[in-house]
Amino acid sequence: MAITGILLETENGALKEAMLGIITAVRRSASDDICGLMLTAEGASVKTAAEKFGVNRIIEIQSDAGLERRPSLQAAALIDALRHYDITTLVGISSSGGSDLLARVAAELEAPLVLDCLALNIAGQTVQKSHFSGKTIATIKLTGSPMICGMRPNVTEPQPAPCDANLETFTSTAEDRRPVEIKDVKGTQSDDIELTEANIIVTGGRPVGAAENFKMLRELAAVLNAAVGASRAAVDAGYAPHSMQVGQTGKTVSPKLYLACGLSGSVQHFAGMKTSKTIVAINTDKDAPIFGKCDYGIVGDMFAVVPALTAAIKEAIQ
Amino acid sequence: MQIYVCVKHVPDTASNIRLTSPTAFDESVKFVVNPYDEYAVEEAVQIKEKQGGEVVVVTVGKEAAAVTMRSALAMGADRGILVRTDETFLDSGVTSRALKSAIEADGAPDLILAGKQSVDSEGMQTHYRLARAFDMPVATNVVSLQLDGGRATVEREAGGGLKEVIEMRTPCVVGAAKGLNAPRYPKFPDIMQAKKKEIKQIRLADLGIDPANGGAKVLALEKVPDRSGAVMLDGGAKEAADRLTAILVEQKIIRNGA
Chain A
1 MAITGILLET ENGALKEAML GIITAVRRSA SDDICGLMLT AEGASVKTAA EKFGVNRIIE
61 IQSDAGLERR PSLQAAALID ALRHYDITTL VGISSSGGSD LLARVAAELE APLVLDCLAL
121 NIAGQTVQKS HFSGKTIATI KLTGSPMICG MRPNVTEPQP APCDANLETF TSTAEDRRPV
181 EIKDVKGTQS DDIELTEANI IVTGGRPVGA AENFKMLREL AAVLNAAVGA SRAAVDAGYA
241 PHSMQVGQTG KTVSPKLYLA CGLSGSVQHF AGMKTSKTIV AINTDKDAPI FGKCDYGIVG
301 DMFAVVPALT AAIKEAIQ
Chain B
319 MQIYVCVKHV PDTASNIRLT SPTAFDESVK FVVNPYDEYA VEEAVQIKEK QGGEVVVVTV
379 GKEAAAVTMR SALAMGADRG ILVRTDETFL DSGVTSRALK SAIEADGAPD LILAGKQSVD
439 SEGMQTHYRL ARAFDMPVAT NVVSLQLDGG RATVEREAGG GLKEVIEMRT PCVVGAAKGL
499 NAPRYPKFPD IMQAKKKEIK QIRLADLGID PANGGAKVLA LEKVPDRSGA VMLDGGAKEA
559 ADRLTAILVE QKIIRNGA
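First to last, the sequence lines map onto chains A and B. First residue of the first sequence: 1, per the numbering used here; consecutive thereafter. First residue of the second sequence: 319, per the numbering used here; consecutive thereafter.
Since the hints were derived computationally from the structure, they do not count as laboratory data. Treat the hints with care, since some could be wrong.
Derived pair list, reagent style DSSO-like, types lysine-lysine, alpha-carbon separation capped at 30 Å [what the hints assert, rightly or not]:
#1 Lys16(A) with Lys570(B)
#2 Lys215(A) with Lys348(B)
#3 Lys366(B) with Lys183(A)
#4 Lys186(A) with Lys541(B)
#5 Lys286(A) with Lys541(B)
#6 Lys186(A) with Lys348(B)
#7 Lys141(A) with Lys366(B)
#8 Lys183(A) with Lys570(B)
#9 Lys380(B) with Lys141(A)
#10 Lys277(A) with Lys535(B)
#11 Lys286(A) with Lys570(B)
#12 Lys535(B) with Lys366(B)
#13 Lys215(A) with Lys183(A)
#14 Lys183(A) with Lys535(B)
#15 Lys16(A) with Lys481(B)
#16 Lys514(B) with Lys186(A)
#17 Lys277(A) with Lys380(B)
#18 Lys380(B) with Lys256(A)
#19 Lys348(B) with Lys141(A)
#20 Lys256(A) with Lys570(B)
Using the sequences plus the hints, can you model the full thing?
In structure tokens:
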């Protein structure tokens, strides 16, 4: 029977929440055995969550040379495992690290790869993804084995499908042919929720007016358990770092709820959040283009609306 | 240094995409150098200005791509090579093989730069395949590049606000991200001079590459309309906020703790 491998990613020692929807998407579109592949020795930490959603086998891939901080060796070890277990489809999150690994594997194997998929049909070997910055959706046929896909987080609602997962270890003897080594990591791992994987996002545009004013948006984000983003204009004005930018030249996000505070609704911004399930816009300008592209609109000053919303939500979740 | 920069000819992101068939669109819209590739061209030109050498831009595209390549030449690249194809969408394996053949026939690369992704097909993988074809290491999402002897040290945006400092030996392939540099706006004399620079044209078939042999094929495109018919929540800030909160609770986006 064909096997589909899912590259499992963790965060703070647990399976990333964004993985659950991806496991569900794979389960629905493939009639194969599903096995979780890990490049860290965290199989035991993810077992409970993974098996709840239908992963019946977890393989911890390791190498005596040490995989940490060596993406090129991780790719080589992953390929070793794909061959050993005869895995014909490989799926992962289209995260920064995930996309990098999937691309390295696809390049080495000259296998077909589509990243940032919005839908998977593994049995039919087709996927869907954005083309032209969200203006169109392309249906793409993949030919060749293994078929490799990176999925956009939060496009599938996770659905439990409990089973038992066996845990095993695979030791790869693959060599690092073209070494790429991470010598250092700068910056502190923020406690903020990763934008690209967040379920709810509050984004501030240029009218936020100053870096300090993002505090107001963070307070709203805190009661919603949301991530905070910024428009290009806000970033260019110096109110937020580029890592917070949502949009065509920033990050692509796909949350359940996107709260756009002071955003005009440019094509370039929408390229980064068009697949959000519900879009709410707050803007003082009733003619702002965003009101023609959202689900709910509030014409008003965000400095009044956002704190009012924070208070109302706090009360509702009491 | 012999630097090759892979550049793609893409519709301007502000252009409207009007589908003329499931796999084609109206190409009379404005086309530009893929924005991420501009960072790659700028970086190559800056390296050349400091260390000497030649910057060659390489494009796989239709005939109209030559016009876009002139913009890269106006930024300071020395020559261009256009691998002509009539395909609107090319599998990245095919593209990377074409780039490799064209570059290899031209010279020995010390460094290859490309944008981290194109804004049309958003494949995010051509430079990985190119690196594999050349047996070179590759890193993408790069916001800083230092070259020192036989080594490249890059900073890569890794998500979560973190930057990875990565080392690779050269020659290598680097995928440029926004923030790597500030691409220059060519001045009129540069634009005039670019008209005289060479763009060599080769056909894909002459490289022995068949576009049909691709692993990923676009079967159909569908326009995604923007959602419309927004429900406007009127009233003052408090009223609108209360209404929105009720909607979020009803849609189970937030849980009513009561």
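The hints, checked one at a time:
1. Proposed proximity of Lys16(A) and Lys570(B) is supported: the alpha carbons are some 22 Å apart, at most 30 Å.
2. The straight-line distance between the Cα atoms of Lys215(A) and Lys348(B) is roughly 40 Å, outside the 30 Å bound, and the hint therefore fails.
3. For the hint linking Lys366(B) to Lys183(A), the alpha-carbon distance of about 27 Å falls within 30 Å, and the restraint holds.
4. About 40 Å separates the Cα atoms of Lys186(A) and Lys541(B), which puts this hinted pair outside 30 Å; it is violated.
5. Note on Lys286(A) and Lys541(B): the hinted pairing holds, with a Cα-Cα distance of about 27 Å set against a maximum of 30 Å.
6. Taking the CA atoms of Lys186(A) and Lys348(B), the gap is about 39 Å. The hint is violated against a cut of 30 Å.
7. Under the criterion of a C-alpha separation no larger than 30 Å, the hint pairing Lys141(A) with Lys366(B) is inconsistent with the structure, at around 41 Å.
8. For the given pair, Lys183(A) sits about 44 Å from Lys570(B) by alpha-carbon distance, which is inconsistent with the 30 Å threshold.
9. With a C-alpha separation of about 23 Å, the suggested pairing of Lys380(B) with Lys141(A) holds against the 30 Å cut-off.
10. Pair hint Lys277(A) plus Lys535(B) holds up; C-alpha atoms about 28 Å apart against a cutoff of 30 Å.
11. For a cut-off of 30 Å, the pair hint linking Lys286(A) to Lys570(B) stands: about 28 Å separates their Cα positions.
12. Taking the CA atoms of Lys535(B) and Lys366(B), the gap is about 37 Å. The hint is violated against a cut of 30 Å.
13. Restraint check: the Cα-Cα separation between Lys215(A) and Lys183(A) comes to about 34 Å, which exceeds 30 Å; the hinted pair is violated.
14. Our distance criterion of 30 Å between C-alpha atoms is broken by Lys183(A) and Lys535(B), whose separation comes to about 38 Å.
15. Note on Lys16(A) and Lys481(B): the hinted pairing holds, with a Cα-Cα distance of about 20 Å set against a maximum of 30 Å.
16. Between Lys514(B) and Lys186(A) the alpha-carbon distance is near 44 Å, which puts this suggested pair outside the 30 Å criterion.
17. Of the pairs offered as hints, the one joining Lys277(A) and Lys380(B) is violated, with about 37 Å between alpha carbons and a cut-off of 30 Å exceeded.
18. The straight-line distance between the Cα atoms of Lys380(B) and Lys256(A) is roughly 40 Å, outside the 30 Å bound, and the hint therefore fails.
19. Taking the CA atoms of Lys348(B) and Lys141(A), the gap is about 28 Å. The hint holds against a cut of 30 Å.
20. Between the alpha carbons of Lys256(A) and Lys570(B) the distance comes to roughly 10 Å, so the proposed pair stays at or under 30 Å and holds.
Against the hints set out earlier in the document, violations occur for numbers 2, 4, 6, 7, 8, 12, 13, 14, 16, 17, 18.
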